[in-house]
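> Given the structure of chain A, go ahead and fit chain B onto it with the hints provided.
Number of protein chains: 2
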Amino acid sequence: MQVDRQRVLVESIKRLLRRNAIPHLSKIVNKAHVADLTSAFRTLSISNQCRLFNLIESVEQKGILFSALDSDTFLDILEGMAVQDVVEIFEQMPTDDVADLIERMPEEKADTILEKMKQEGSEEVEGLLYYDNDTAGGIMVPDFIALREDTTAGEAIKSLQKEHVDVEMPFYLYVVDEYERLVGVSSLRQLVVVSPDKALKDFMVTDVVSVQTDMDQEEVARIVANYDILAVPVVDDKNRLVGIVTVDDVIDIIRREATEDILKMAGAGEEFVETKSIARSTRIRLPWLFVSCVGGVIAFFIIGYYEETLTDLIYLAAFIPVIMNMGGNIGTQSSSIVVRGLATGRIHTREIWSVVFKELSIGFILGSIYGSLVGIVAQFQFGVKALAFSVGIAVVSSMTIAALVGSLVPMLLARVHIDPAVASSPFVTTSIDIISVSFYFMIATALLSG
Amino acid sequence: MQVDRQRVLVESIKRLLRRNAIPHLSKIVNKAHVADLTSAFRTLSISNQCRLFNLIESVEQKGILFSALDSDTFLDILEGMAVQDVVEIFEQMPTDDVADLIERMPEEKADTILEKMKQEGSEEVEGLLYYDNDTAGGIMVPDFIALREDTTAGEAIKSLQKEHVDVEMPFYLYVVDEYERLVGVSSLRQLVVVSPDKALKDFMVTDVVSVQTDMDQEEVARIVANYDILAVPVVDDKNRLVGIVTVDDVIDIIRREATEDILKMAGAGEEFVETKSIARSTRIRLPWLFVSCVGGVIAFFIIGYYEETLTDLIYLAAFIPVIMNMGGNIGTQSSSIVVRGLATGRIHTREIWSVVFKELSIGFILGSIYGSLVGIVAQFQFGVKALAFSVGIAVVSSMTIAALVGSLVPMLLARVHIDPAVASSPFVTTSIDIISVSFYFMIATALLSG
Numbered sequence: 013m014q015v016d017r018q019r020v021l022v023e024s025i026k027r028l029l030r031r032n033a034i035p036h037l038s039k040i041v042n043k044a045h046v047a048d049l050t051s052a053f054r055t056l057s058i059s060n061q062c063r064l065f066n067l068i069e070s071v072e073q074k075g076i077l078f079s080a081l082d083s084d085t086f087l088d089i090l091e092g093m094a095v096q097d098v099v100e101i102f103e104q105m106p107t108d109d110v111a112d113l114i115e116r117m118p119e120e121k122a123d124t125i126l127e128k129m130k131q132e133g134s135e136e137v138e139g140l141l142y143y144d145n146d147t148a149g150g151i152m153v154p155d156f157i158a159l160r161e162d163t164t165a166g167e168a169i170k171s172l173q174k175e176h177v178d179v180e181m182p183f184y185l186y187v188v189d190e191y192e193r194l195v196g197v198s199s200l201r202q203l204v205v206v207s208p209d210k211a212l213k214d215f216m217v218t219d220v221v222s223v224q225t226d227m228d229q230e231e232v233a234r235i236v237a238n239y240d241i242l243a244v245p246v247v248d249d250k251n252r253l254v255g256i257v258t259v260d261d262v263i264d265i266i267r268r269e270a271t272e273d274i275l276k277m278a279g280a281g282e283e284f285v286e287t288k289s290i291a292r293s294t295r296i297r298l299p300w301l302f303v304s305c306v307g308g309v310i311a312f313f314i315i316g317y318y319e320e321t322l323t324d325l326i327y328l329a330a331f332i333p334v335i336m337n338m339g340g341n342i343g344t345q346s347s348s349i350v351v352r353g354l355a356t357g358r359i360h361t362r363e364i365w366s367v368v369f370k371e372l373s374i375g376f377i378l379g380s381i382y383g384s385l386v387g388i389v390a391q392f393q394f395g396v397k398a399l400a401f402s403v404g405i406a407v408v409s410s411m412t413i414a415a416l417v418g419s420l421v422p423m424l425l426a427r428v429h430i431d432p433a434v435a436s437s438p439f440v441t442t443s444i445d446i447i448s449v450s451f452y453f454m455i456a457t458a459l460l461s462g
Numbered sequence: 013m014q015v016d017r018q019r020v021l022v023e024s025i026k027r028l029l030r031r032n033a034i035p036h037l038s039k040i041v042n043k044a045h046v047a048d049l050t051s052a053f054r055t056l057s058i059s060n061q062c063r064l065f066n067l068i069e070s071v072e073q074k075g076i077l078f079s080a081l082d083s084d085t086f087l088d089i090l091e092g093m094a095v096q097d098v099v100e101i102f103e104q105m106p107t108d109d110v111a112d113l114i115e116r117m118p119e120e121k122a123d124t125i126l127e128k129m130k131q132e133g134s135e136e137v138e139g140l141l142y143y144d145n146d147t148a149g150g151i152m153v154p155d156f157i158a159l160r161e162d163t164t165a166g167e168a169i170k171s172l173q174k175e176h177v178d179v180e181m182p183f184y185l186y187v188v189d190e191y192e193r194l195v196g197v198s199s200l201r202q203l204v205v206v207s208p209d210k211a212l213k214d215f216m217v218t219d220v221v222s223v224q225t226d227m228d229q230e231e232v233a234r235i236v237a238n239y240d241i242l243a244v245p246v247v248d249d250k251n252r253l254v255g256i257v258t259v260d261d262v263i264d265i266i267r268r269e270a271t272e273d274i275l276k277m278a279g280a281g282e283e284f285v286e287t288k289s290i291a292r293s294t295r296i297r298l299p300w301l302f303v304s305c306v307g308g309v310i311a312f313f314i315i316g317y318y319e320e321t322l323t324d325l326i327y328l329a330a331f332i333p334v335i336m337n338m339g340g341n342i343g344t345q346s347s348s349i350v351v352r353g354l355a356t357g358r359i360h361t362r363e364i365w366s367v368v369f370k371e372l373s374i375g376f377i378l379g380s381i382y383g384s385l386v387g388i389v390a391q392f393q394f395g396v397k398a399l400a401f402s403v404g405i406a407v408v409s410s411m412t413i414a415a416l417v418g419s420l421v422p423m424l425l426a427r428v429h430i431d432p433a434v435a436s437s438p439f440v441t442t443s444i445d446i447i448s449v450s451f452y453f454m455i456a457t458a459l460l461s462g
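Residue numbers (my numbering), protein chains in the order written: chain A, 13 to 462; chain B, 13 to 462.
Be aware that a few hints might be false.
Note: identical chains are not told apart, hence a pair may lie in one copy or across any two.
In silico lysine-lysine, BS3-like type, Cα no more than 25 Å apart, as pairs [to be verified]:
| no. | residue 1 | residue 2 |
| --- | --- | --- |
| 1 | 43 | 26 |
| 2 | 39 | 128 |
| 3 | 213 | 43 |
| 4 | 174 | 250 |
| 5 | 250 | 210 |
| 6 | 213 | 170 |
| 7 | 213 | 250 |
| 8 | 174 | 210 |
| 9 | 210 | 170 |
| 10 | 130 | 213 |
| 11 | 26 | 39 |
| 12 | 174 | 213 |
| 13 | 121 | 250 |
| 14 | 397 | 210 |
| 15 | 43 | 128 |
| 16 | 170 | 43 |
| 17 | 170 | 397 |
No lab work stands behind these hints, which were simulated from the structure alone.
This is chain A alone, in the form it adopts within the complex (with noise of 0.2 Å):
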């Protein structure tokens, strides 16, 4: 249903813009779900994307869209806006997201328009920009419902209709003491089933689950889905409440994430490219295959240096391919593996040896059925015994190395807190590549010549 309605919008959109019909186009831009314009907005090019951006009236509609885009579209549009407007923008978004954006932004527009907004009071923002962008302090936004542990139920509810009309999520209430530091927290719905004089600190929860501004968004992200809960509060080390981090922002996160990883572990850089131009793409994705090409290149001489070897033994070239391959695709499964369970938390770093002692155990195995596999066609080929073992033993050996390297350098790199996922594909494959290749003229020269 939803996906219909998406493409009827797109394709309407579409029509419209080649008939130049403004009207009607303004008409639709300003009925439509901002979540299906956003999708509308990303199949358009640039110049008609603003266009259909200046059509927008809702000044939180435009805030919605601009929170959606991807940063080249965002910068796009910008350039052609007044500094009013943007702010005019900005101040009805998500103070996180409008840290984010400002950070995206050419530094001197950014000071010109940070000057501003603090002029009209909005130095939240400047706040979140003193975090990292990807910790608990980075993501967070400031609008939560903090009361006192002696406020009734129904004083919240009032408080709730007066005070605070604009906060984003407000499912749960904090409740903090006199220095600010959190306590407890209730949620909406026990306001509501509560009797209306009955204070929060004789039915809220002191067992609060919160994350340190410093925490990696992660890390965050981990916790609420852990936890099964719609938001988490933030503090700072002196356990203050400064902000909270949402449930929607924690599935961006989530699947971002996973986007980043698959992507890295593919070498095609980290965020999706799909979307940007052929241009951009290939260079994005020119210096992961540079390494490949590397190891390719030294695969090379290693192969020429034991040539003699193979001008006596021709048929030695013909089983390069199988050895590559196994270590190469074992090696792949042992990194995706490792990259996915630690970044889901299912792998701790500090289990590395027996993640790493596990899968040299399956690459052993493995190695030793498809070793004999290898080594029964290669013998039914050449009938030449010394041959098939040669062959053989040099998949066990890749294969064993191959889960090896694949499990323990992400691990290692995990240990140092460098994200893993860079470790994967060119990297692990190309390594494994050279060091497979060696083995098996290693192994062949010596059992064969002589």
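Okay, now just chain B, sitting in the frame of chain A:
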């Protein structure tokens, strides 16, 4: 903070288990947060898990733990339990989770439990079993608040205090007509803010985002994520409200689907295997490696076919790794981008030709760059122009074809509604290897021998 808390818990539990300090253990287990307990459980052996599980007093805690455990662990614990105990736990759990667990149980046991639950009035679970596990109907919970249009805000609040006490997430109030058809939605927050004698129809939102029972769960997750809502109502084909899907389930789906895609792409099964035994992991990973093994053996025969060329020009063998590598890696890039793009909704199957054309162009550009580079290395090393040219052309064609295959295969699979992730790593890289090697020797034979 949370991480430390979990580690401390795990260590205490292990120590107490070793000492068999049951009263102490019992105290700790019943005080711990269920999310911490779940992650502690994962680090224990099955027999210790059973010991610990029996110490938990709260049936509710047991239920939450049940939903959070692996299939295997759950089945093991289940084995030692009486039917009556299982039913008691199930009755405390969200219906969608119960339906999920029942589907994983041996049929006989499942039937006994369903029968028992029916006797005690839980027909809802059987209703949920009616829908496919991975559709909106299969993941929805039937606990929602539905009220008529002319209910006032005050009456609605009263109904929250009395009737709907055990509704999981009472943040939205759905409004239905006399035939139970969904006509609007309001929020708990609205209820508190408006005057108590106002009727729902006067302040409800009528443009409700809803999904149908047969919508795929990934699609449902995308909708909840894109519209930033905490729950989406599920309607049947007559637009009657039958359940809701809540944001915490959506987070689980998003994480699980990402894990599934990553593992499938690497040919390492679907479910996370690191926590499983070595034997089990080996079994899951074995068949996918068979694909690369067969591919390698085919490549072997292709190279064998060109034995004559190879005998004359022994150095050709040395370029096999670089050609396979470059093709394999760009193919992985293309397929990862397309698979992730399809999963997040950034790419649609109807854009097949524009996506494939773009990947083909990028493959050709990158192929030309790296083809020249490798060609230069060959020229520098051997000074044979025809060889440098063959190698260069082989890299260009291998990379272009790899980008084509890597993008086309997942797009086509998605079109015929097969999960595009299965097409990745083993299949794509293996077929690319075969094509690359054939091309290389064909070109080299044509240009060099003769």
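> Is it within, between, both or neither when you check residue 174 against residue 210 at 25 Å Cα-Cα?
both (20 Å within a copy, 18 Å between copies)
> Since the copies are identical, ignore which copy is meant and state whether residue 43 and residue 26 lie within 25 Å (CA to CA) inside a copy, between copies, both or neither.
Answer is within; shortest intra-copy Cα gap is 16 Å, inter-copy 59 Å.
> At most 25 Å between C-alpha atoms: does residue 170 with residue 397 qualify within a copy, between copies, both, or neither?
neither (87 Å within a copy, 85 Å between copies)
> Given a CA cutoff of 25 Å, do residue 174 and residue 250 count as a within-copy pair, a between-copy pair, both, or neither?
Classified as neither; 29 Å inside a copy, 40 Å across copies.
> Go through the copies and call it for residue 210 and residue 170: within, between, both or neither, with a Cα cutoff of 25 Å.
both (14 Å within a copy, 17 Å between copies)
> Given a CA cutoff of 25 Å, do residue 121 and residue 250 count as a within-copy pair, a between-copy pair, both, or neither?
neither (35 Å within a copy, 53 Å between copies)
> How would you label the pair residue 250, residue 210 (within, between, both, or neither) given a Cα cut-off of 25 Å?
neither (29 Å within a copy, 44 Å between copies)
> At most 25 Å between CA atoms: does that hold for residue 174 and residue 213 within a copy, between copies, both, or neither?
Answer is both: 22 Å inside a copy and 23 Å across each meet the 25 Å cutoff.
> With identical chains, the pair residue 213 and residue 43 could be close in the same copy or across copies; at 25 Å between alpha carbons, which is it: within, between, both, or neither?
between (45 Å within a copy, 20 Å between copies)
> I want to check one pair: residue 43 and residue 128. Are their C-alpha atoms no more than 25 Å apart within a copy, between two copies, both, or neither?
Neither, since 31 Å and 51 Å both go past 25 Å.
> Taking 25 Å as the upper bound on the Cα-Cα distance, should residue 39 and residue 128 be classified as within, between, both, or neither?
Neither, since 32 Å and 57 Å both go past 25 Å.
> For residue 26 vs residue 39, is the C-alpha pair at or below 25 Å within one copy, between two copies, both, or neither?
within (14 Å within a copy, 65 Å between copies)
Going through the hint list in order, the structure does not satisfy hints 2, 4, 5, 10, 13, 14, 15, 16 and 17.
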